[in-house]
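So the chains spell out like this:
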Amino acid sequence: MKLLQLNHDDAAGAQLLKGTYANESHYDQVVDDDMVVLTPDGDVVAVLVEGVLSPRARRRAYKYLSTIEGMPSNRATAVYRGSSLPRIRKRDGSLSRTRQVPLSVLDMLKAKGVRGDVLGSLDATPRTPRCRLSSWSLKNPQVLRGVRQLAQEVDELFKVWVMDRYIAQLAVVWQARDWQLHGTAFTTITVNKNFRTAYHTDKGDLREGFSCLTTLGRFKGGLLVLPRYRVAFNVKPGSVLMMDAHEFHGNTQITGERITAVLYCRERINRCKS
Amino acid sequence: MDKKEMIDQLKCKLKDAWLRGKAQRIEIGTLLLELRKEVEHGEWGKVLAELKIPTTTAADYIQEASRQIHGFRKFEGGKVVVDSEAAEMQHAVASAAAEVARDNSPEPPANHKPAPVIELSEHVRVKGPVLFCSADQKAAFKAAKKENPARVYSIFQKALLESIGGQEEVSDETLAA
Chain A
190 MKLLQLNHDD AAGAQLLKGT YANESHYDQV VDDDMVVLTP DGDVVAVLVE
240 GVLSPRARRR AYKYLSTIEG MPSNRATAVY RGSSLPRIRK RDGSLSRTRQ
290 VPLSVLDMLK AKGVRGDVLG SLDATPRTPR CRLSSWSLKN PQVLRGVRQL
340 AQEVDELFKV WVMDRYIAQL AVVWQARDWQ LHGTAFTTIT VNKNFRTAYH
390 TDKGDLREGF SCLTTLGRFK GGLLVLPRYR VAFNVKPGSV LMMDAHEFHG
440 NTQITGERIT AVLYCRERIN RCKS
Chain B
499 MDKKEMIDQL KCKLKDAWLR GKAQRIEIGT LLLELRKEVE HGEWGKVLAE
549 LKIPTTTAAD YIQEASRQIH GFRKFEGGKV VVDSEAAEMQ HAVASAAAEV
599 ARDNSPEPPA NHKPAPVIEL SEHVRVKGPV LFCSADQKAA FKAAKKENPA
649 RVYSIFQKAL LESIGGQEEV SDETLAA
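So the protein sequences, as listed, match chains A and B.
Everything in the first sequence is counted per my numbering, starting at 190 for the first residue and increasing by one.
Everything in the second sequence is counted per my numbering, starting at 499 for the first residue and increasing by one.
Worth double-checking, as some hints may not be accurate.
Unchecked claim - Label pairs and their in silico Cβ distance ranges:
{"#": "1", "chain 1": "A", "residue 1": "Thr256", "chain 2": "B", "residue 2": "Ala557", "range": "46 to 56 Å"}
{"#": "2", "chain 1": "A", "residue 1": "Lys392", "chain 2": "B", "residue 2": "Ala637", "range": "43 to 53 Å"}
{"#": "3", "chain 1": "B", "residue 1": "Lys644", "chain 2": "A", "residue 2": "Pro318", "range": "41 to 51 Å"}
{"#": "4", "chain 1": "A", "residue 1": "Arg245", "chain 2": "B", "residue 2": "Glu586", "range": "32 to 42 Å"}
Calculated from the structure, these hints are not laboratory results.
Beta carbons: idealized from backbone N, C-alpha and C, even for Gly.
My request is simple: use the sequences and hints to build the entire structure.
Written out as structure tokens, the structure reads:
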């Protein structure tokens, strides 16, 4: 394992790129090997562990996760800047204030093979004031069972490499054990297929924790760029990237089939009743 | 066609496109780009002044047209990055936004089922306690409230007193006035 201390830090510049696609002018170095990446202040921003997941876990996870059918209709920033638009027509013919990615854009993404959905537990929101399993998990419980080994292997890595964050995350998960994912420090998995995300920050995941990302499939490109630090990560299938997803991140162009599974803990899961 | 004729022709086209408004920005930008290629160095400002196009507006139009032609280009360390996916997505989002803006106009789209129209009878029920007044009275009340809120307030007070205690009667003429 190598250590990389970054020397570039431009939070304001990264903010300006919100909702746009990453490209090669946004990074100076590509990390594609085992690496602990530190910010100029010395904090761990990401850890990449190369080719660690067992072929069995990958095969099994691929078998189930490739059946994903949902669309990222509520992830407007990740889709593209300005794609959050009113969607529901009221009785008087005007549009409501509820917003989502417009259907025409979703259709275009669908034609490109883009899919996105959530697996596992979801915490309460003002609109849905109760904790629950995601729709995909309820309709297809075999998918949730199918990612057990993957989740447990990623959990082991998380425990070893970013122990402080792991402990903080586990402490929260233990407060809501009914919503724990296969006995790990995670509650939820966001799955994307061929989804080139525009620069966004993840919302709803635990601030003190880390998001763990792994990829499946055969693809080229799809580098994950952190423009604030001008660094990109090449997360190959079977590798795991543990990172602070509250920093702006986005992907470069993808060719082939790329499925990503992002394992994390919902921020307010500990407020859920059993 | 000599150079002067070409410039004059482009100027005429520009004037025509300028009059057609916002939808023609890209056309204007493209024409400006062509015109700028033909104009001598140092003459560009004069040409814009002659066409009465502000320099910054011209620059914006040129940029928009240029993006349309070449896609988004970012120059960083001598590298040119053209991202076709970004341009495609921008176009899709802009179209969707325009569609939403159109849909949000007072006229609902063809496939929309309008809400049932409520026919106003002579007597309409007003919000609040169980009170009834005629449609004319309601219209008179609204007009009077707009003109002189203090007077309406005093009438309302009298009516309230009438309804709870019957101390002072408010005639229809007073309300209608």
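Evaluated hints:
1. Thr256/A / Ala557/B: 46 to 56 Å: About 50 Å separates the Cβ atoms of Thr256/A and Ala557/B, which means 46 to 56 Å holds.
2. Lys392/A / Ala637/B: 43 to 53 Å: Taking Cβ atoms as reference, Lys392/A and Ala637/B lie about 50 Å apart, which means the hint holds.
3. Lys644/B / Pro318/A: 41 to 51 Å: holds, 42 Å
4. Arg245/A / Glu586/B: 32 to 42 Å: Since the Cβ atoms of Arg245/A and Glu586/B sit about 39 Å apart, the hinted range of 32 to 42 Å holds.
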